[in-house]
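Residue numbers (the UniProt record's numbering), protein chains in the order written: chain P, 1 to 393; chain F, 1 to 221; chain B, 1 to 442.
Source of the hints: derived by calculation from the structure; they are not laboratory data.
The model shown is predicted, which means the values in this text are computed figures rather than measured ones.
Where hints are given, some of them may not hold.
[To be verified] Listed next, the in silico DSSO-like pairs over lysine-lysine satisfying Cα-Cα at most 27 angstroms (straight line):
{"#": "1", "chain 1": "B", "residue 1": "Lys141", "chain 2": "P", "residue 2": "Lys261"}
{"#": "2", "chain 1": "F", "residue 1": "Lys112", "chain 2": "B", "residue 2": "Lys11"}
{"#": "3", "chain 1": "F", "residue 1": "Lys112", "chain 2": "B", "residue 2": "Lys3"}
{"#": "4", "chain 1": "P", "residue 1": "Lys261", "chain 2": "P", "residue 2": "Lys134"}
{"#": "5", "chain 1": "B", "residue 1": "Lys49", "chain 2": "B", "residue 2": "Lys169"}
{"#": "6", "chain 1": "B", "residue 1": "Lys267", "chain 2": "B", "residue 2": "Lys244"}
{"#": "7", "chain 1": "B", "residue 1": "Lys346", "chain 2": "F", "residue 2": "Lys112"}
{"#": "8", "chain 1": "B", "residue 1": "Lys346", "chain 2": "P", "residue 2": "Lys12"}
{"#": "9", "chain 1": "B", "residue 1": "Lys11", "chain 2": "F", "residue 2": "Lys116"}
{"#": "10", "chain 1": "F", "residue 1": "Lys112", "chain 2": "F", "residue 2": "Lys159"}
{"#": "11", "chain 1": "F", "residue 1": "Lys116", "chain 2": "B", "residue 2": "Lys3"}
{"#": "12", "chain 1": "F", "residue 1": "Lys112", "chain 2": "F", "residue 2": "Lys76"}
{"#": "13", "chain 1": "B", "residue 1": "Lys312", "chain 2": "B", "residue 2": "Lys261"}
{"#": "14", "chain 1": "B", "residue 1": "Lys49", "chain 2": "B", "residue 2": "Lys244"}
{"#": "15", "chain 1": "F", "residue 1": "Lys159", "chain 2": "B", "residue 2": "Lys3"}
{"#": "16", "chain 1": "B", "residue 1": "Lys267", "chain 2": "B", "residue 2": "Lys312"}
{"#": "17", "chain 1": "F", "residue 1": "Lys206", "chain 2": "F", "residue 2": "Lys76"}
{"#": "18", "chain 1": "B", "residue 1": "Lys3", "chain 2": "F", "residue 2": "Lys76"}
{"#": "19", "chain 1": "F", "residue 1": "Lys76", "chain 2": "B", "residue 2": "Lys346"}
{"#": "20", "chain 1": "B", "residue 1": "Lys141", "chain 2": "P", "residue 2": "Lys246"}
{"#": "21", "chain 1": "B", "residue 1": "Lys261", "chain 2": "B", "residue 2": "Lys141"}
{"#": "22", "chain 1": "P", "residue 1": "Lys261", "chain 2": "B", "residue 2": "Lys3"}
{"#": "23", "chain 1": "P", "residue 1": "Lys261", "chain 2": "B", "residue 2": "Lys169"}
{"#": "24", "chain 1": "B", "residue 1": "Lys408", "chain 2": "B", "residue 2": "Lys49"}
{"#": "25", "chain 1": "B", "residue 1": "Lys49", "chain 2": "B", "residue 2": "Lys184"}
{"#": "26", "chain 1": "B", "residue 1": "Lys244", "chain 2": "F", "residue 2": "Lys159"}
{"#": "27", "chain 1": "B", "residue 1": "Lys267", "chain 2": "B", "residue 2": "Lys11"}
{"#": "28", "chain 1": "F", "residue 1": "Lys159", "chain 2": "F", "residue 2": "Lys206"}
{"#": "29", "chain 1": "P", "residue 1": "Lys7", "chain 2": "B", "residue 2": "Lys11"}
{"#": "30", "chain 1": "B", "residue 1": "Lys261", "chain 2": "B", "residue 2": "Lys49"}
{"#": "31", "chain 1": "B", "residue 1": "Lys169", "chain 2": "B", "residue 2": "Lys261"}
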Amino acid sequence: MLSHLIKLMWNKRRANGLIFLEIILAFIVLFGVYAFAFYNYDRYSSPLGFSYENSIGLRLDIDDDMDSLAVLGLQERIVREVRTVPGVEAVSFLGPVNPFGGNNWGTGNDDNGFQLFTRMLFADEHFAETMELKFREGRWFEKRDDNAKYPPIVVNGKFMDEYYPNAETLLDSIIILSGDRQVIGVVEDFKYASNFAENEPLTFYPQSGFYSGDRPPFEQMIIRTAPGQTAAVEEPIYNLVTALTKNTDVVIWNMAEDRIKANRPVVIPLVILLIISTFLLINIALGLFGVLFTQINRRRAEIGLRKAMGATPGEVTAQFVGEILIITVAGLLLGTFFAVQVPLLELLPIPPKFFYFGIVAAIATILLIVTVCALLPSRQAARLHPALVLHEE
Amino acid sequence: MIELNNISKSYRTDTIETLALQHMNLSVPAGEFLSIMGPSGCGKSTLLNIMGLIDEPSEGTVVLAGREVTDYNGSKVARFRNEQLGFIFQSFHLINDLSVVDNVELPLLYRKLGGKERRRLALEALARVGLSNRATHFPNQLSGGQKQRVAIARAIVGKPNIILADEPTGNLDSHMGGEIMDILTRLNKDLGTTIVMVTHDERMAKRTHRLVRLSDGERVS
Amino acid sequence: MIKNYLLLALKVLRRKPFYTFISLFGISFTLMILMLITSMGDALFGANKPMSEVDRMVFLPALSRYTQFYDTIYTIDSVLMDDGTMRYDSTFDTEEIGSNNSDGSMSYHFITEYLHGLSDVSEATAFSPSSFVDGYLDGRKVTFRTYYTDGNYWNVFDFNFLHGLPYGKDDVDGGNQIAVLTDKAATEYFGEASDDVIGREVTLGDRTYRVGGIVARPLKDDPTIQGDVYLPVTTMDRRALDAKTLEGSFSAVFLATSPGKRESIKKQLEFLAENFVMPPEEDYEEIALYPGTATEVFAGGIMQERDYDLAKMMFFIPLFLLLFLFLALPLINLINLNVSRVYERKSEIAVRKAFGARSADILYQFIFENLVLTFIGGAIGLILAFFVIRAVNANDLIGIVRLSFSFKVFFYFIVVIVLFGLLSGLLPALRMSRTNIGTALR
Numbered sequence: 001m002l003s004h005l006i007k008l009m010w011n012k013r014r015a016n017g018l019i020f021l022e023i024i025l026a027f028i029v030l031f032g033v034y035a036f037a038f039y040n041y042d043r044y045s046s047p048l049g050f051s052y053e054n055s056i057g058l059r060l061d062i063d064d065d066m067d068s069l070a071v072l073g074l075q076e077r078i079v080r081e082v083r084t085v086p087g088v089e090a091v092s093f094l095g096p097v098n099p100f101g102g103n104n105w106g107t108g109n110d111d112n113g114f115q116l117f118t119r120m121l122f123a124d125e126h127f128a129e130t131m132e133l134k135f136r137e138g139r140w141f142e143k144r145d146d147n148a149k150y151p152p153i154v155v156n157g158k159f160m161d162e163y164y165p166n167a168e169t170l171l172d173s174i175i176i177l178s179g180d181r182q183v184i185g186v187v188e189d190f191k192y193a194s195n196f197a198e199n200e201p202l203t204f205y206p207q208s209g210f211y212s213g214d215r216p217p218f219e220q221m222i223i224r225t226a227p228g229q230t231a232a233v234e235e236p237i238y239n240l241v242t243a244l245t246k247n248t249d250v251v252i253w254n255m256a257e258d259r260i261k262a263n264r265p266v267v268i269p270l271v272i273l274l275i276i277s278t279f280l281l282i283n284i285a286l287g288l289f290g291v292l293f294t295q296i297n298r299r300r301a302e303i304g305l306r307k308a309m310g311a312t313p314g315e316v317t318a319q320f321v322g323e324i325l326i327i328t329v330a331g332l333l334l335g336t337f338f339a340v341q342v343p344l345l346e347l348l349p350i351p352p353k354f355f356y357f358g359i360v361a362a363i364a365t366i367l368l369i370v371t372v373c374a375l376l377p378s379r380q381a382a383r384l385h386p387a388l389v390l391h392e393e
Numbered sequence: 001m002i003e004l005n006n007i008s009k010s011y012r013t014d015t016i017e018t019l020a021l022q023h024m025n026l027s028v029p030a031g032e033f034l035s036i037m038g039p040s041g042c043g044k045s046t047l048l049n050i051m052g053l054i055d056e057p058s059e060g061t062v063v064l065a066g067r068e069v070t071d072y073n074g075s076k077v078a079r080f081r082n083e084q085l086g087f088i089f090q091s092f093h094l095i096n097d098l099s100v101v102d103n104v105e106l107p108l109l110y111r112k113l114g115g116k117e118r119r120r121l122a123l124e125a126l127a128r129v130g131l132s133n134r135a136t137h138f139p140n141q142l143s144g145g146q147k148q149r150v151a152i153a154r155a156i157v158g159k160p161n162i163i164l165a166d167e168p169t170g171n172l173d174s175h176m177g178g179e180i181m182d183i184l185t186r187l188n189k190d191l192g193t194t195i196v197m198v199t200h201d202e203r204m205a206k207r208t209h210r211l212v213r214l215s216d217g218e219r220v221s
Numbered sequence: 001m002i003k004n005y006l007l008l009a010l011k012v013l014r015r016k017p018f019y020t021f022i023s024l025f026g027i028s029f030t031l032m033i034l035m036l037i038t039s040m041g042d043a044l045f046g047a048n049k050p051m052s053e054v055d056r057m058v059f060l061p062a063l064s065r066y067t068q069f070y071d072t073i074y075t076i077d078s079v080l081m082d083d084g085t086m087r088y089d090s091t092f093d094t095e096e097i098g099s100n101n102s103d104g105s106m107s108y109h110f111i112t113e114y115l116h117g118l119s120d121v122s123e124a125t126a127f128s129p130s131s132f133v134d135g136y137l138d139g140r141k142v143t144f145r146t147y148y149t150d151g152n153y154w155n156v157f158d159f160n161f162l163h164g165l166p167y168g169k170d171d172v173d174g175g176n177q178i179a180v181l182t183d184k185a186a187t188e189y190f191g192e193a194s195d196d197v198i199g200r201e202v203t204l205g206d207r208t209y210r211v212g213g214i215v216a217r218p219l220k221d222d223p224t225i226q227g228d229v230y231l232p233v234t235t236m237d238r239r240a241l242d243a244k245t246l247e248g249s250f251s252a253v254f255l256a257t258s259p260g261k262r263e264s265i266k267k268q269l270e271f272l273a274e275n276f277v278m279p280p281e282e283d284y285e286e287i288a289l290y291p292g293t294a295t296e297v298f299a300g301g302i303m304q305e306r307d308y309d310l311a312k313m314m315f316f317i318p319l320f321l322l323l324f325l326f327l328a329l330p331l332i333n334l335i336n337l338n339v340s341r342v343y344e345r346k347s348e349i350a351v352r353k354a355f356g357a358r359s360a361d362i363l364y365q366f367i368f369e370n371l372v373l374t375f376i377g378g379a380i381g382l383i384l385a386f387f388v389i390r391a392v393n394a395n396d397l398i399g400i401v402r403l404s405f406s407f408k409v410f411f412y413f414i415v416v417i418v419l420f421g422l423l424s425g426l427l428p429a430l431r432m433s434r435t436n437i438g439t440a441l442r
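Turn these sequences into a full structure, and let the hints steer you where they fit.
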């Protein structure tokens, strides 16, 4: 039966060429969209590792003429006084990189062939409490670390998994990252660019390892409030900080809103792609349905003949569905051949597994649509009375 | 009116060549009502198609209205078909998506005529076949006899000199077939239209002026 | 004749509602998306105010300072001599192994000192686009993005002044505290954007400015024109303005005398960077400038690629490929549907031919039918696009960018409809017109 159908389809290859072409193109589009969606879903599902829901960010301007001792004193005073604003739960200073802010710092090191690359984030001793970080081991920076022999760092879980997968613990290890540094803690997860950022190795540095000579002090803050208090605390904090810094150059933003903005570069194309692909699928399904309907209707005599010769309605249905599936499978095979080149030749810097997921999902979707579209007209045709059909001709 | 000189027609497939007509000579004078009979596959339809310039002979010449036909595909022959010929088919071939009067108007679409004029001529042709009251119906709302009368109206709406009818009564019962024959006879008598009709039915053939019998692509009588 | 074809086409479409629906669905949605894309392209790249002269603009957003590292590689060749002894030859090579660089916007000093006097430039401007200022007004928080610009800024960018005037060179030289606000900022601050606002005072940070003009907010997401408030450059922090470093917060835009002269300006800037003598106090040895046209800078920014030709390829080739696929699919679908209906209408065509239609008549008829279908689909698509654009604009779905219908977009749209109609009708119509009458009427 199968070879009979394949022969039939081969003889009709010209008539079926357009369907074949349509299947290939649809497969390629779906493959791309699925791979893109899976890849981003995977990144989305790796947690940020910090709380942002009830936090605001703040940027202030500290007078450049102040000496470092005065700066530290001012920062301490700001933290202390902001902490007393009703609704505020935790306050922390951080360096030039802030979560969802759009900038990125990174550093690399090649220690006798051992290559290491890490994102960087600079924060004070209150940061872990403010962001509600979860620790795998060790602890966050404390005041006493300023006098330690080696400057302390805290790394994220990915850092440990990527570079020291077999280590029991990283605590007290000395790592060369712009000088010798001692690991004092490992947090579970932490990525800050957006929900769609890659989960990359990351290292936290305290202000003491940052603010020196040509670099400015920490001039950004994160303030966590009680649930629902973010809007209410903004004005008192603004007034407080402008008074303390004697400078009105203070900007406050909402971190939850910033997160949505940071996700936008991925979410907007993704949503547009999904809407357009859905439309394309509906369009293809309707078109295929119409084409199969006319094609099958044109063969009423053949159906009558087959039924007169003893084919059951099920067999007639199976024949038509089988025919169209043969074209589909042929198109999918060719499409898959093109699609696997993307991971095999490493054309894009995305792990290959997402492309294979994409191929499988695209094949499944197209087979499902084609089967549904073929089933309806086939079943209708298969119910025809042979005598009626033959008489018509 | 129609002259076929030494016409042969063969169909060729990959392996075999079948001869549908062999050295056929036939002359139809203006105003004649001619019928052609013969068993299935004897070449009747092929002969009619060649007369109607729908099919091209492999050999021989066709002279229609005093002019020899040399080109079977150009726009000249299309114009000629439009002005001189009317066709009636066994299975009617009405366009199901168009209403009765639109179907009848069809030949006039390929002439330079205003819409009102076309409509007037189409309704006139429908009146001639007695279907004025069905003008706005669609073909699938009509009986077989009515469909064939629409087809006749369509064939005569352009006032052609020749009507070619391929088994016009073949799909109809004898009562309806009789009615169709009445209409054709009246056309022939009133307007002097030349009619060539292929038929299976001896009774219909008897009502025409002359009968030509074919067998295996050759004229028997 | 056209009226006949039109009536006929409409009749056929009405008699086959199912196929008409399928076709219209595909056509209208596809054309709607095309409409949105053309409108988006126009919003992003079109020569609209305040960038009417975008075809003459060369953008210089940043400066790169770098130091190249070289490594010396020794290669030792050993050759076995005839007498059995080894001879050693050594060669050495220096090779770039990397560079240490710092990228950022430029200082006002750098732009005014080094980038003036280029030929083929009709206007040039320097501006600092990167500051924000928060203010509290009766308990409301307002955040403004402030641009500090020179007087030429208003000559390079033709902002639409709704009220008042821009500040000029004299105002800038004199350090006059005059502000130009967008209508949105004016409404936010004063509750209205009208002539009454001109001359009133606006307090930004610790300074107070007099409102000199109100401009329509640009409907374009471009870092050179995104300000809410524009201020004379001389009113900014003196230390930042007078700093003699190379890096600062400024960008530059040059307006060429003609679009063709942009290359010349780019060449001059690149030449200038190559021959730049680094001041001794800088940490780096060399500088590089990456001037580009609007599209080049846009593609380069998205692709994070400094080679603009490569960036354009990386950005536009996949984009056009994607667009091609998204267009090809509905088109093939429509062709397929039409072709399969050719068979259904075989007898109709044969009858028409028997009654004197020429092949060309049949061809025209089907192409025309198809065009009618595409135009109806196009009209529906246009209406859909209108509502989508309204929704997008009302909800700021793509940021500040405003999509709009314009004559140009409408023209593209008509071209697209005709192309779509012709393409999807041609193949089926050709097949139809070739139908053999004899066999079809059997």
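Hint check results:
| no. | hint | verdict |
| --- | --- | --- |
| 1 | B:Lys141 - P:Lys261 | holds (19 angstroms) |
| 2 | F:Lys112 - B:Lys11 | holds (21 angstroms) |
| 3 | F:Lys112 - B:Lys3 | holds (13 angstroms) |
| 4 | P:Lys261 - P:Lys134 | holds (25 angstroms) |
| 5 | B:Lys49 - B:Lys169 | holds (22 angstroms) |
| 6 | B:Lys267 - B:Lys244 | holds (25 angstroms) |
| 7 | B:Lys346 - F:Lys112 | holds (25 angstroms) |
| 8 | B:Lys346 - P:Lys12 | holds (18 angstroms) |
| 9 | B:Lys11 - F:Lys116 | holds (18 angstroms) |
| 10 | F:Lys112 - F:Lys159 | holds (15 angstroms) |
| 11 | F:Lys116 - B:Lys3 | holds (12 angstroms) |
| 12 | F:Lys112 - F:Lys76 | holds (15 angstroms) |
| 13 | B:Lys312 - B:Lys261 | holds (20 angstroms) |
| 14 | B:Lys49 - B:Lys244 | violated (34 angstroms) |
| 15 | F:Lys159 - B:Lys3 | holds (24 angstroms) |
| 16 | B:Lys267 - B:Lys312 | holds (19 angstroms) |
| 17 | F:Lys206 - F:Lys76 | violated (36 angstroms) |
| 18 | B:Lys3 - F:Lys76 | holds (24 angstroms) |
| 19 | F:Lys76 - B:Lys346 | holds (22 angstroms) |
| 20 | B:Lys141 - P:Lys246 | holds (19 angstroms) |
| 21 | B:Lys261 - B:Lys141 | violated (46 angstroms) |
| 22 | P:Lys261 - B:Lys3 | violated (54 angstroms) |
| 23 | P:Lys261 - B:Lys169 | violated (37 angstroms) |
| 24 | B:Lys408 - B:Lys49 | holds (15 angstroms) |
| 25 | B:Lys49 - B:Lys184 | holds (16 angstroms) |
| 26 | B:Lys244 - F:Lys159 | violated (98 angstroms) |
| 27 | B:Lys267 - B:Lys11 | violated (63 angstroms) |
| 28 | F:Lys159 - F:Lys206 | holds (26 angstroms) |
| 29 | P:Lys7 - B:Lys11 | violated (40 angstroms) |
| 30 | B:Lys261 - B:Lys49 | holds (21 angstroms) |
| 31 | B:Lys169 - B:Lys261 | holds (26 angstroms) |
The structure fails hints 14, 17, 21, 22, 23, 26, 27, 29 (numbered hints given earlier, in ascending order).
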